[in-house]
Amino acid sequence: MPGITREEVAHLARLSRLELQAEELDHFAEQLDVIIGAVARVSEVAGQDVPPTSHPLPLTNVMRPDEVRPSLTPEQALSGAPAAEEQRFRVPQILGED
Amino acid sequence: MTELIKTPIIKWAAAKTAEAIKSGEVSAVEVAQAHLDRIDAVDKKVNAFLHVDTEGALAAAKAVDEKRAKGEELGPLAGVPLALKDVFTTKGVPTTCGSKILEGWIPPYDATLTARLKDAGVVILGKTNMDEFAMGSSTENSAYGATGNPWDLSRIPGGSGGGSAAALAAFEAPLAIGTDTGGSIRQPGAVTGTVGVKPTYGSVSRYGLVAFSSSLDQGGPCARTVLDAALLHEAIAGHDPLDSTSIDAPVPPVVAAAKMRDIRGMRIGVVKEFAGEGYQAGVMQRFHESVELLRELGAEVVEVSCPSFTLALPAYYLIAPSEASSNLARFDAMRYGLRVGDNGNRSAEEVTALTREAGFGPEVKRRIILGTYALSSGYYDAYYGSAQKVRTLISRDFDAAFAGVDVLVSPTTPTTAFPIGERADDPMAMYLADLCTIPSNLAGNAAMSLPVGLAPEDNLPVGLQIIAPAMADDRLYRVGGAVEAALDDKWGHPLLEEAPAL
Numbered sequence: 000m001p002g003i004t005r006e007e008v009a010h011l012a013r014l015s016r017l018e019l020q021a022e023e024l025d026h027f028a029e030q031l032d033v034i035i036g037a038v039a040r041v042s043e044v045a046g047q048d049v050p051p052t053s054h055p056l057p058l059t060n061v062m063r064p065d066e067v068r069p070s071l072t073p074e075q076a077l078s079g080a081p082a083a084e085e086q087r088f089r090v091p092q093i094l095g096e097d
Numbered sequence: 000m001t002e003l004i005k006t007p008i009i010k011w012a013a014a015k016t017a018e019a020i021k022s023g024e025v026s027a028v029e030v031a032q033a034h035l036d037r038i039d040a041v042d043k044k045v046n047a048f049l050h051v052d053t054e055g056a057l058a059a060a061k062a063v064d065e066k067r068a069k070g071e072e073l074g075p076l077a078g079v080p081l082a083l084k085d086v087f088t089t090k091g092v093p094t095t096c097g098s099k100i101l102e103g104w105i106p107p108y109d110a111t112l113t114a115r116l117k118d119a120g121v122v123i124l125g126k127t128n129m130d131e132f133a134m135g136s137s138t139e140n141s142a143y144g145a146t147g148n149p150w151d152l153s154r155i156p157g158g159s160g161g162g163s164a165a166a167l168a169a170f171e172a173p174l175a176i177g178t179d180t181g182g183s184i185r186q187p188g189a190v191t192g193t194v195g196v197k198p199t200y201g202s203v204s205r206y207g208l209v210a211f212s213s214s215l216d217q218g219g220p221c222a223r224t225v226l227d228a229a230l231l232h233e234a235i236a237g238h239d240p241l242d243s244t245s246i247d248a249p250v251p252p253v254v255a256a257a258k259m260r261d262i263r264g265m266r267i268g269v270v271k272e273f274a275g276e277g278y279q280a281g282v283m284q285r286f287h288e289s290v291e292l293l294r295e296l297g298a299e300v301v302e303v304s305c306p307s308f309t310l311a312l313p314a315y316y317l318i319a320p321s322e323a324s325s326n327l328a329r330f331d332a333m334r335y336g337l338r339v340g341d342n343g344n345r346s347a348e349e350v351t352a353l354t355r356e357a358g359f360g361p362e363v364k365r366r367i368i369l370g371t372y373a374l375s376s377g378y379y380d381a382y383y384g385s386a387q388k389v390r391t392l393i394s395r396d397f398d399a400a401f402a403g404v405d406v407l408v409s410p411t412t413p414t415t416a417f418p419i420g421e422r423a424d425d426p427m428a429m430y431l432a433d434l435c436t437i438p439s440n441l442a443g444n445a446a447m448s449l450p451v452g453l454a455p456e457d458n459l460p461v462g463l464q465i466i467a468p469a470m471a472d473d474r475l476y477r478v479g480g481a482v483e484a485a486l487d488d489k490w491g492h493p494l495l496e497e498a499p500a501l
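If you read the protein sequences in the order shown, they are chains A and B. Numbering of the first sequence is given in numbering that gives the first Met the number 0, commencing with residue 0 and proceeding in unit increments. Numbering of the second sequence is given in numbering that gives the first Met the number 0, commencing with residue 0 and proceeding in unit increments.
Take the hints with a grain of salt, since some may be wrong.
[Unchecked claim] Among the chain A residues that face chain B by a calculated CB cut under 7 Å, a handful are:
| id | residue |
| --- | --- |
| 1 | H10 |
| 2 | R16 |
| 3 | A21 |
| 4 | Q47 |
| 5 | P50 |
| 6 | S53 |
| 7 | V61 |
| 8 | M62 |
| 9 | D65 |
| 10 | V67 |
| 11 | Q75 |
| 12 | G79 |
| 13 | A80 |
| 14 | V90 |
[Stated by the list, open to error] One-sided excerpt, in silico: chain B residues whose CB lies under 8 Å from chain A:
| id | residue |
| --- | --- |
| 15 | G384 |
| 16 | Q387 |
| 17 | G443 |
In short, the hints are calculated from the structure, not lab data. Note that the Cβ used here is the ideal one computed from N, Cα and C, for glycine as well.
Bound-form chain A, shown alone (with noise of 0.2 Å):
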């Protein structure tokens, strides 16, 4: 099972929009490093034959009735925002200049 480098790391960090320090990415390698080496053994033994279990649970998809029922008022839903303008979520832009 192969390691993890700081190059690896640092791009997990971008995948998940994590502008991760210079020391933070060399001290998450070393002990990614370590744990993986620690659970990799998962592999070793759950053969073919074994159907993964993602749920303790049987889930079927729940429906409820189309009916208009009391919800948040739009304060409410943005009372929480960073920023906020014309009842709506105001975000940094989105679309580069190009």
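With chain A held as given, fit chain B onto it using these hints.
Coordinates of chain B only, in the frame set by chain A:
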């Protein structure tokens, strides 16, 4: 009741408190005030609470007193104070999950569990400290400082529900709520000498419980006695249409089971795999004594082997971070919580990354990266896929065991409370604290930790874990109630009487 009045209110069991309020021996406001005073006096040392809602608690207590004055029927926990883990949303009261990213967030709605507590007339004193987003085994990973263990303030109170367990052990509240993803109710219970129960997965609503690992998270009761835990269990459990993983079935009769105090004829399995290297001698000594006690009480004890349990810890540390990496994607600095670096020039993506860097602590970041790795295309089968297969093997081990026994028992934790800071920089050593508790989360069944004495070498509490099949939570209370009564007879007092004064 006169004997009761001689004891300070803060030492009363929840059941007795409710009785005293119902009979008019004491008012709910007096009870609330006694606990608020206690919090004032000791919480600077313990740091069990992140937020104390004095006004809300006194108003809720007053409402109970008014209801009584009008001659209305009071529920079994009306007027009893409770400490609520800060992972449940509370309308109008801050909810932070121990994280900077949610600092100052005031939810506009109540979790179902919060609403049920309010409906039951329970007086919510405030929100308790926890490892950030419930990730941890020590309550050292809170952005708001570590909580101390009331038995020895230089030691951990367990995690992630350390604040809830410490509040009970410090007599700041007679009841508390925790959540158990890998043992975060039971492990703090064990190391603080209190009772902690992880109900069957799906039996207590997760609506309004800020998600860490959705297929494992389960809210549940924390208390100082088995009966108190049962009363709280009945108040919070039951089907919730707002949670699609909520089980639509009657709640097992846990209160009646807690009162039975008779385990004659029950078959109890000792899990062979939970012993050996890494287990503290005093923990094993108290465990063996507990097993002997179960025999004396008339149970039949047999040894049971669950070979896949040795893989539970690695499987958990792949599954939980994988689900966490996905669940925590919602903290994107757009709809709630912190926003960092929004200077008008940066993109939403950059602002999100800067915010998450500033808002999450090291354990959360470590797990997000580990989960992202385990779910990545090249490694999915080797890690996440294999961990899911281990989950199947663990469930099969439980099924085989429960075909022959009513409940399983083991130590709750391999050691007593360790010193704050001792394992802080060694994640694998920290993760070992959850060794015995994790299999039940992976399989979704019910489990309890019960105090069974102090380890002779350090005079710190030891917990006995009792595990029952899914939806047989009443068996935990039947065994727990009998063991607790027998131990109280033996010692002449509850274990917490031996805790040092704060």
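To see whether the hints hold, each was checked on the structure:
no. : hint : result
1   : H10  : 9 Å, violated
2   : R16  : 5 Å, holds
3   : A21  : 12 Å, violated
4   : Q47  : 9 Å, violated
5   : P50  : 6 Å, holds
6   : S53  : 6 Å, holds
7   : V61  : 4 Å, holds
8   : M62  : 10 Å, violated
9   : D65  : 14 Å, violated
10  : V67  : 17 Å, violated
11  : Q75  : 4 Å, holds
12  : G79  : 3 Å, holds
13  : A80  : 6 Å, holds
14  : V90  : 5 Å, holds
15  : G384 : 6 Å, holds
16  : Q387 : 3 Å, holds
17  : G443 : 3 Å, holds
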